[in-house]
Amino acid sequence: MSLSPAAVKELQRILGPQGLVTTPEGRLVYECDMHTLYKGMPDAVALPTRTEQVQAVVDLCRRERVPVVPRGSGTGLIGGAMAPRGGVMVSLNRMDRILDIDLANRCATVQPGLINLWLTRAVSDRGYFFAPDPSSQMVSSIGGNVATNAGGPHCLKYGITTNHVLGLEMVTGRGELVRLGGKAMDRPGYDLTGAAVGSEGTFGLVTAITVRLLHAPEAVKTVLASFATIGEASETVSDIIAAGMIPAALEMLDAVIIRAINAGIGAGYPDRAGAVLLIELDGPTAEVEVQGERCAALCRRHRALEVRVAHDEAERALLWKGRKEAAGAVGRLTSSYLLQDAVVPRSKLPQIMREMETIAARHGVLIANVFHAGDGNLHPLICYDDRKPEELARAVRANEELLHACIELGGSVTGEHGVGVDKAENLTLQYSEADLNFMYRLRRVFDPDGIMNPGKLLPSHPACAEGFRPSRPVLPTGAWI
Amino acid sequence: MSVARLGAFTAPDLPSLEGIRACVHCGICLPQCPTYRVLGEEMDSPRGRIYLMRAAAEERLEPTEAFARHMDLCLGCRACESACPAGVPFGALLEATRFQLARRGLSSEPRLLTRLIFAVFPHPGRMGLLLGALRLYQRSGLQRLVRASGLLRLAPRLAAMEALLPLVPPREPLPELIPARGGRRGRLGLLTGCVQRHLYPQVNRDTARLLSLAGWDVIVPREQGCCGALDLHGGRLGAFRRRARALAAQFAGDLDYVVTSAAGCGSAMKEYGHWLPEAAEVGALARRVRDVSQVLVDADLPLGRLETSVTYHDACHLAHGQKLRNEPRALLARVPGLRLVPLADSELCCGSAGVYNLVEPEMAERLLDMKISRILATGARVVAAANPGCLLQIAKGCRARGLDIEVVHPVELVARALPA
Ligand code: SF4
Ligand code: SF4
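Sequence order for the protein chains is A and B. For the record, in the first sequence the residue sitting at position 263 is 263 according to the numbering used here, with numbers rising by one throughout. If you want the numbering used here, it's the position in the second sequence, counting the first as 1, plus 481.
I should point out that these hints are in silico values taken from the structure, not numbers from a laboratory. What you are looking at is a predicted structure, and each value in this text was computed from that prediction instead of being measured. Backbone N, C-alpha and C fix where the C-beta goes; we use that ideal spot for every residue, glycine too. Heads up, a few of these hints could be off.
Below, simulated EDC-like cross-link-like pairs (lysine to aspartate or glutamate); rule was C-alpha separation at most 20 Å, straight line [claimed, not checked]:
no., chain 1, residue 1, chain 2, residue 2
1, A, LYS39, A, GLU176
2, A, LYS388, B, GLU499
3, A, LYS321, B, ASP826
4, A, LYS39, A, GLU315
5, B, LYS804, B, ASP781
6, A, LYS39, B, GLU539
7, A, LYS348, A, GLU425
8, A, LYS321, B, ASP781
9, A, LYS388, B, GLU539
10, A, LYS388, B, GLU540
11, A, LYS39, A, GLU355
12, B, LYS804, A, GLU315
13, B, LYS804, B, ASP779
14, A, LYS39, B, ASP826
15, B, LYS804, B, GLU788
Here are some of the chain B residues that sit facing chain A, going by a computed Cβ distance under 10 Å [claimed, not checked]:
no., residue
16, GLU523
17, LEU542
18, ARG550
19, ALA564
20, PRO566
21, ALA567
22, GLN619
23, GLY622
24, ASP850
Derived, one-sided and incomplete: chain A residues facing chain B with beta-carbon distance under 10 Å [to be verified]:
no., residue
25, TYR30
26, ASP43
27, LEU47
28, THR51
29, ASN93
30, ARG97
31, ILE115
32, VAL139
33, LEU318
34, LYS321
35, ALA326
36, ALA327
37, TYR337
38, PRO389
39, ALA393
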């Protein structure tokens, strides 16, 4: 245990008798987030209820040089909320209050542990909502959404978390309490809020978040279109986007995932289809009607087997429940899976889906697909049995190949889940050494001692576990080639 | 097929490995779990509890006192099961795990009180005697004396029990046959329930009256025993199985249904098949069990007006255990004039959970607090709940806070709408 007994005592003093978990049973359940492949038990779990406690914990960890690992609801998919090097996990889920609702300025300030959906619930009767809607929104915390810059089905139209965060209060890795941004949209100076959103706890621990609230649209129409093949569905997606429409959400589900959802949630998806598109349109009633007709026509042009409109809120809610709980429902098919989050330019969707089939066949793995087709953000779930190392190895190879294929098509390694430990090494595929070095230096500004969520977000360098990637000597231009 | 061991667990009645492994760690269950809502720590969440079971099954962890504590603190409300998209059978996993722990003598339940409870509650005869004594205690002025003396502060769990008791009503057994009135539809057995029979006899009376009006002959076996729900939830599978067999013998095989208005009993009985797969007559009974709301929801009933605002609390063993959410609401909504006001977090456990409120008074009290504040927010002066445990718990909460709120079983409200 890297925490000294004196440090544990001090933590207990800071957090009170109910605020610190040190039993083996307790620490064990905090050893992983939803990506259960990555396990790392913290030496202690702090459960603060106040900002001063958070600050005191960071101070102590800085003095003791032990890692600080933030956690919200533990629903992340990248191994972000686990402690590969031990240390103190700071679980912020008890800080879950709404501090301020300011409808005149269309914003709210909340504590990081507040569950995403609870914010919308608190303002929906007044006609407002919080737009970022990751599939885990019924349980994931807004702090976690900020840390990973989470997306969600509706970010196609509304943008991702960073587009909805106006300001942050954060305890940095130096132990300072700083305020970044604020209620006003236009802020003088550096956009540090933008830099901190998506920093996965490597800059510090966020203790309060000011977010935008949006006015709920006048009308919403949810269309379900089923197709015989993924190819036809993919082409429909390309055409809808090419026609200049921006649906609020445009999701694709394949036959495997439909089976899991119908079994797990009874959401009533057409079970004989090869692929289903869930298309949601929102806005002024007249516009939604027209777009609905156009979408339906495009679906039919691509030989849709059925085009159906959810006729009431209950049906719509059930379809979305099915979609949002899909990653859980896959537990009906397999005990473990790797969940990829790569992105391709949406025009390349038909191509990558074909390639995926080849990769799955080559490695003999079952891949279930449910994803944000509208922005080309794939979520193949590559199933494996965690008791069979050989199966895991095949799943890992398929996963890597798929990722490379996406990058080759001009895509990105992550769309919305974040980097964590899962994608850290993959960043070299996408960023140059100069890019990465710059990010390392930025990280050090907030966290000079390298205690904040170490091992996550940036690739480690062979020479030093973490820190600057020493640049290679610059070659004179034209020295070679 | 029988495996002798599963990591730290030993046969018989191993927790299902398949069930444990179905959990994909998504966390969707967390906000639905009462203990996680109150404590905010994952060892006391469904996902955490399953993870601990899994660690024991994979020999990463020996079940310890601390392990048992996290299982004990679980209410067995099965809200997690309703929330889970992966189909983790949490209730069955918990019961099997508790059985394992009980066999190892690992349970931090205060044993004396628990033993006392189990020595009395499931025995209709002993329960009657105890309640007779309590009636005397309440009516002789002794209760006032004891409460004033401060004696109860010395024994918090006894105090919990004392505070829970409503005014014990006089005994009024139902006749063994209540014949159908109006168009006859068939024959039903009525399970009256150990606690309900003594503390809420009017619920059974109203249930029988409504069923007979709906055209059913209602058979009430005089010697019916206990359904075993409390044993099942406490992990005493042996006692539970004995009671299930005995009960199956009490209800004739030719009854169309066996009806109960106690959700906890109905839920346990519906699970008989899982725990006694080889006992055909027990399985047959399980298949015929219905909650009263299922039978009455579309029955022909001569209902008059009842002008009142009611809010409805979902008993865990009805909503999560039996997946009955619409039926009781629809039954209430049939009463002309009755306005059903939605209750926030209506599916969050009130803290009653069998004998939980007696053995874990602190957690139970915190949940009750949440429940009462949400009930108050509805503005309704009447709360309906379809389980005697919830009725006791919520009524206690209202009493303790001096609230003028009536706590009733839905059938009582429906019966009030009948012509005199
Ligand atoms: S049964 Fe209830 S208390 Fe127990 S883990 Fe599930 S939701 Fe939580
Ligand atoms: S919802 Fe089900 S699969 Fe998800 S964590 Fe809870 S028990 Fe596991």
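Problem set entry | Hints breached by this structure | 1, 4, 5, 7, 8, 11, 14, 15, 22, 23, 24, 26, 28, 30, 33, 38, 39
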